[in-house]
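Using the sequences provided together with the hints, build the complete structure.
With the sequence shown counted from 1, adding 53 to any position gets you our numbering.
Any given hint could be a false lead.
Each pair of labels, with its calculated beta carbon distance range [said to hold, decoys possible]:
no., residue 1, residue 2, range
1, T690, T116, 32 to 38 Å
2, P169, A272, 17 to 23 Å
3, S280, V412, 21 to 27 Å
4, H190, T216, 28 to 34 Å
5, F471, A442, 20 to 26 Å
6, T211, N408, 43 to 49 Å
7, M402, P283, 34 to 40 Å
8, A442, N408, 23 to 29 Å
9, G551, T458, 53 to 59 Å
When the alpha-carbon atoms are kept at most 25 Å apart in a straight line, the in silico BS3-like pairs for lysine-lysine are as follows [to be verified]:
no., residue 1, residue 2
10, K357, K401
11, K456, K401
12, K764, K618
13, K765, K695
14, K357, K379
15, K401, K379
16, K441, K456
By construction, these hints were calculated from the structure, which means they are not laboratory data.
Every residue gets a Cβ at the ideal spot worked out from N, C-alpha and C, and that includes glycine.
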Amino acid sequence: MHGRKSTLAIIIVSFLAAFRLLADCSPSVVVQVPVAACKSGTATAAVAGPAGATYAWTVDGGTIAGDAAGDRINVSLGTNATATASVTLTSGGCVSHGNGVIALHDPFNVRIAAIPAAQAGEPLTISWAYDNGAPAHQTISGADFGNVSLEPSVRSYTYTPQTSGSRQVVIDAALPSQAISAPSGSRQRAVAKSPVSASGCATVRSAMPYTVGLCAEPAVIIDGPASVGPGTSFQLSVRPQPGAVATWTISNGSPATATGDSVTITAGSTGTVGVNVRLTRGACVGQLDRAVDIAAQAVCNEPKAVVSAGPVGCGSASVNATFTGKPPFSGMWSDGSRFTSGATTLNKMVTMPGNYSIVSFEDAACAGSSSGMAVISAVGPTATIVGKASSCIGTDKVTVQFKGTPPFSGVWRDGTNFLTNEMQIERPVTATGPNGIDYGYDGTGCLLAVLGSVQGFQPVTLHALQYCLSPDFDNVVLIYAAVDSDFVDPVTVTWSDGVTTSSNGVPVYRGPSNPGQTTTYTIVSGHDGSNCPAIIGTPASVTVNVSAIPDFELGVGDICTGLTKTASLVTPPPSDATVLWFIDNGSIVSGQGTSSVQYQTGVPGTMVLGCTFTYPDSRCPTSHRGTARIDADPVGTLMLDKQQISSGQTVLITFTIDTATWTWNLHDSANQYIPWVGLCGAHTTCQAQYSSTNTGTTNITLEMEGFCSNKKSMSVPLTIVP
Numbered sequence: 054m055h056g057r058k059s060t061l062a063i064i065i066v067s068f069l070a071a072f073r074l075l076a077d078c079s080p081s082v083v084v085q086v087p088v089a090a091c092k093s094g095t096a097t098a099a100v101a102g103p104a105g106a107t108y109a110w111t112v113d114g115g116t117i118a119g120d121a122a123g124d125r126i127n128v129s130l131g132t133n134a135t136a137t138a139s140v141t142l143t144s145g146g147c148v149s150h151g152n153g154v155i156a157l158h159d160p161f162n163v164r165i166a167a168i169p170a171a172q173a174g175e176p177l178t179i180s181w182a183y184d185n186g187a188p189a190h191q192t193i194s195g196a197d198f199g200n201v202s203l204e205p206s207v208r209s210y211t212y213t214p215q216t217s218g219s220r221q222v223v224i225d226a227a228l229p230s231q232a233i234s235a236p237s238g239s240r241q242r243a244v245a246k247s248p249v250s251a252s253g254c255a256t257v258r259s260a261m262p263y264t265v266g267l268c269a270e271p272a273v274i275i276d277g278p279a280s281v282g283p284g285t286s287f288q289l290s291v292r293p294q295p296g297a298v299a300t301w302t303i304s305n306g307s308p309a310t311a312t313g314d315s316v317t318i319t320a321g322s323t324g325t326v327g328v329n330v331r332l333t334r335g336a337c338v339g340q341l342d343r344a345v346d347i348a349a350q351a352v353c354n355e356p357k358a359v360v361s362a363g364p365v366g367c368g369s370a371s372v373n374a375t376f377t378g379k380p381p382f383s384g385m386w387s388d389g390s391r392f393t394s395g396a397t398t399l400n401k402m403v404t405m406p407g408n409y410s411i412v413s414f415e416d417a418a419c420a421g422s423s424s425g426m427a428v429i430s431a432v433g434p435t436a437t438i439v440g441k442a443s444s445c446i447g448t449d450k451v452t453v454q455f456k457g458t459p460p461f462s463g464v465w466r467d468g469t470n471f472l473t474n475e476m477q478i479e480r481p482v483t484a485t486g487p488n489g490i491d492y493g494y495d496g497t498g499c500l501l502a503v504l505g506s507v508q509g510f511q512p513v514t515l516h517a518l519q520y521c522l523s524p525d526f527d528n529v530v531l532i533y534a535a536v537d538s539d540f541v542d543p544v545t546v547t548w549s550d551g552v553t554t555s556s557n558g559v560p561v562y563r564g565p566s567n568p569g570q571t572t573t574y575t576i577v578s579g580h581d582g583s584n585c586p587a588i589i590g591t592p593a594s595v596t597v598n599v600s601a602i603p604d605f606e607l608g609v610g611d612i613c614t615g616l617t618k619t620a621s622l623v624t625p626p627p628s629d630a631t632v633l634w635f636i637d638n639g640s641i642v643s644g645q646g647t648s649s650v651q652y653q654t655g656v657p658g659t660m661v662l663g664c665t666f667t668y669p670d671s672r673c674p675t676s677h678r679g680t681a682r683i684d685a686d687p688v689g690t691l692m693l694d695k696q697q698i699s700s701g702q703t704v705l706i707t708f709t710i711d712t713a714t715w716t717w718n719l720h721d722s723a724n725q726y727i728p729w730v731g732l733c734g735a736h737t738t739c740q741a742q743y744s745s746t747n748t749g750t751t752n753i754t755l756e757m758e759g760f761c762s763n764k765k766s767m768s769v770p771l772t773i774v775p
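See below:
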């Protein structure tokens, strides 16, 4: 009796040990990874495992750097939205799986724009832009200005370098910090044992070298009157220069000194006003002296200026002005140019047609008035080309209108010479492109100014054609017009049935045709974008014939693989038609070229059988095709969630069937019918629950029958213990 108790104790201890081992063996394990990381950056992943455990790691969205067999790995991240680190942990007979997902973000980046050429003493602006975010804070640093904190919205910085040499600007920026929720207590403990980390992408630093050149001496130009009256006030101005400061020194006038781009001076009573201006930019200085005469006070006597047209030469014309009053005379022409003259007459040469007048005028004493206008319609003889802007070769004409002294001579654009005493000549448009004269002269030998142009266009030639579409397009015929020369978009075609089609590019399609009776389509007119009437070429018409279409039936239902079957045309082919059978996923056995064909089916899948009628003339082939599914043995899967159950317990059965399965049945060795749970069908995961009060081993069997009466079954054993 004592021996039985020892044996029972050993059995109980062994059972408890096996139960504890089963309880300690978890199918899953926690993988610690960073919540987020930077694309193309680095990260670590870790798992807490027992001593002696082995690890097998894989990474989706990155690659493992270095050792991949420990409880911690280093990962080089890719550019996907996420990266997943997965591990298989093996300890003794226990295998556990786990994974961790890292969210990947685009790196924060700053791009410094190309820095413009810089010179000492001149302002320089540095600009930049950010990618993948806006900074919460940013700084810019450089040898000339130190480290400067900027507002987050600023994208440029301007400073004035004082010396020349090599420089470097550095921009540091950071995105707003993002709060990350703390992990759970158990996860915190695991992370503390095996911490993880990731490279950040919220900060950025970028440096850009540049060079500051030597300062450029400012150019000094003074604007102001050449003479003034005694004690009068006048203004002198210096042309402003970037970064330059103007200082004035004045003699025989007041003030004695001034600063700024302009100064108002009160002249002395006699002599001259002496002026010296210095433009200072950093270490560079430009200066200029100027003397302004103090003239005796003149008496205003209503000065006047009168403008008139002068003679026209070869390529130029003169505009005359006469003045009354006390010289010197000054003012502005209507074209914006200024003048100063000590004489009472002035001649202005112009090379452009226009209306010329004086818009402001004064003599030495006061402002005066101006009158008259010189109307210059041409500066020399002209040849004006007249005609339609877009002219058609062989239809339109080009006209040349002359102004000048005849006779006129020259060369047409096509190289033909001309000589005429007429003031107007014309000829047909003969070439594409500009039409008119190339050059010419009038009777005085002056070169003609050629004005205007006429563009010649070659009318397009249209042909009517047809294209036989494949059987996929239901035996329709595509009708279109072709162009055999250069053209201008769009091309427009009008057909004999009143249909007008237009397109950019050629051919010009009028669409598919499948008429109920034989129909002829003819091009009656057309043109391209130049609007030149098209030439109707040969052929101008196409005829679409109504032809018989082969028709046959493949029957209803599926076809089994490897069978020999027959297909016959419903209607006989025309007497002059050639019959051609074709098959995809099968083979023609006999009957090619006849109204009935034998064929053999191919492998499981889709079979296409077709028939085409071809004709010895221009008629388009007609065709018909039919499809059928070819089936083979049914395919299924069968799996139990447990290999052993106790009597009265339930086991979950999971199985699948494919589209080749016609009927199916699920039962055990005792031929007990097992009902399924929920929906079940082809390519659907089916489930059933099975329980039995019997003990021993039974086989769960899935029986399937295909569409071709082919049967297939599979079984999985199940042990039922008391």
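We went through each hint and held it up to the structure:
1. With their beta carbons about 34 Å apart, T690 and T116 fall inside the hinted range of 32 to 38 Å.
2. At roughly 20 Å, the beta-carbon separation of P169 and A272 lies within the given 17 to 23 Å, and the hint holds.
3. Evaluation of the 21 to 27 Å hint for S280 and V412 yields a pass: the beta carbon distance comes to about 23 Å.
4. Restraint check, H190 to T216: a C-beta distance of roughly 30 Å satisfies the suggested window 28 to 34 Å.
5. The hint said 20 to 26 Å for the Cβ distance between F471 and A442, and at roughly 23 Å that hint holds.
6. Between T211 and N408 the beta carbons are some 47 Å apart, a value that agrees with the proposed interval 43 to 49 Å.
7. Against the hinted window of 34 to 40 Å, the Cβ-Cβ separation of M402 and P283 comes to about 37 Å, which satisfies the hint.
8. At about 27 Å, the beta-carbon gap between A442 and N408 stays in the expected band of 23 to 29 Å.
9. For the hinted restraint 53 to 59 Å between G551 and T458, the CB-CB distance of approximately 58 Å keeps it satisfied.
10. Proposed proximity of K357 and K401 is supported: the alpha carbons are some 17 Å apart, at most 25 Å.
11. Restraint check for K456 and K401: satisfied, since their Cα atoms lie roughly 23 Å apart, inside the 25 Å limit.
12. At roughly 22 Å between alpha-carbon atoms, K764 and K618 fall within 25 Å of each other, so this suggested pair holds.
13. Annotation: proposed proximity of K765 to K695 holds, straight-line Cα distance about 24 Å (limit 25 Å).
14. At roughly 10 Å between alpha-carbon atoms, K357 and K379 fall within 25 Å of each other, so this suggested pair holds.
15. A C-alpha spacing of about 21 Å is found between K401 and K379, which places the hinted pair at or below 25 Å, so the restraint holds.
16. Between K441 and K456, the direct Cα distance comes to roughly 21 Å. Compliance with the 25 Å bound is thereby established for this hinted pair.
In this structure, every one of the numbered hints holds.
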